[in-house]
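**Q** Starting from the known structure of chain F, arrange chain S on it as the hints suggest.
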Amino acid sequence: MTKPTALEVENIESDRGVGHPGLLVVYLLLGIAFGIVLTRSEVVSWFRIQEMFRFQSFRMYGIIGSAIATAAASVAMIKRAKLKAISGEVIAIPRKELGSGIRYAVGGTIFGLGWALTGACPGPLFALIGDGVSVMIAAVLSALLGTWVYGWLRPRLPH
Amino acid sequence: MTTIVSGEWPWYVAGPLIGLFVPALLIVGNKSFGISSNLRHLCSAIAPGRVEFFRYDWKRTGAWNLLFLAGVLIGGFIASHVGAAHPIAISAETKTALTKLGIHDFSGIAPREVFNWHALLTLRGFISVVVGGFLVGFGTAYAGGCTSGHAISGLANFELPSLIAVFGFFAGGLAATYLILPLLLGGA
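Residue numbers (my numbering), protein chains in the order written: chain F, 1 to 159; chain S, 1 to 188.
Any given hint could be a false lead.
[Said to hold, decoys possible] List of simulated lysine-lysine pairs, DSBU-like, C-alpha gap at most 35 Å:
1. F/Lys82 with S/Lys59
2. F/Lys84 with S/Lys59
3. F/Lys79 with S/Lys59
What the hints contain is simulated information worked out from the structure, not anything from laboratory work.
Just chain F, with the same shape it has in the complex:
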């Protein structure tokens, strides 16, 4: 057994364990809320994604921008207050490792191509199945294959 590299450790999110079983219900409920927000805000719509990439409406930029601002302000407050999570741990956000940066530029561009073609990023892909666009089941299966092929090629790809 070789010691996992920093990249590997970072990649398995952060191994913080399952936590209290009762909290698992909370994640499900938060997910439901997220699915409703994604649908109602219409960020799941191929049409909205096209409007965004064609710079023909401020809407998507307003949504993403205000989401980042809200998240950034909350994260700053959590850090300053050194808050503990309900699960008991002190909240700590692991930094992403830059490396050569190639994986972010190339991987990001590949994802961007898929985002515009499907009109959906991973969250919306699943929300759309719930929304009744059942053909997105095929998109999800294909995305799983894509992730699998990445895992397989990973030792040979520049990061």
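**A** Coordinates of chain S only, in the frame set by chain F:
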């Protein structure tokens, strides 16, 4: 009230609500908001093979996120069954541009003529759904995150890797919009 139940939410309501999932997950269990990790967890659960990338305890690291993901699907179902369905009110310019590309049905959440099971047998349907899905899965795994993990969680924590990834998202999205879609949608 009808807007809240069935209409589209304005950006200044939707955006901050989406952003709040970052602190919510941190406060509940010190978890980082990011959807695409689930694709890896699912691969690890279904077919890890001999691939090192998938050989880890997916239940331990991913159970919470897979439940979140299941919730997203249920939430989509709930949201689409409450209130009346209505077409997406995109701008007139976008509608004109898409009509020129050969999109005629604007009644759904995605163009019904491309996103249906029968259309998978056409070039544009196959590339939009199957090839597009593959690129989403491969790209997010390579980049280590998607819109939620990089654009929202990452940028909110001022991560340089996430900024590079987001530039990539847009480079790819613009290339697909201006170079691929005109060829693809035009030739049904």
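**Q** Would the pair lysine 84 of chain F and lysine 59 of chain S pass a check requiring their Cα atoms to be no farther apart than 35 Å?
**A** Holds: lysine 84 of chain F and lysine 59 of chain S sit about 23 Å apart, inside 35 Å.
**Q** Is the straight-line distance between the alpha-carbon of lysine 79 of chain F and that of lysine 59 of chain S 35 Å or less?
**A** Measuring from Cα to Cα gives roughly 28 Å; hence the hint holds.
**Q** Decide if the proposed pair is consistent with the structure: lysine 82 of chain F and lysine 59 of chain S, CA atoms, cutoff 35 Å inclusive.
**A** Holds - the C-alpha atoms of lysine 59 of chain S and lysine 82 of chain F are around 28 Å apart, at most 35 Å.
Checked against the numbered hints given earlier, the structure satisfies every one of them.
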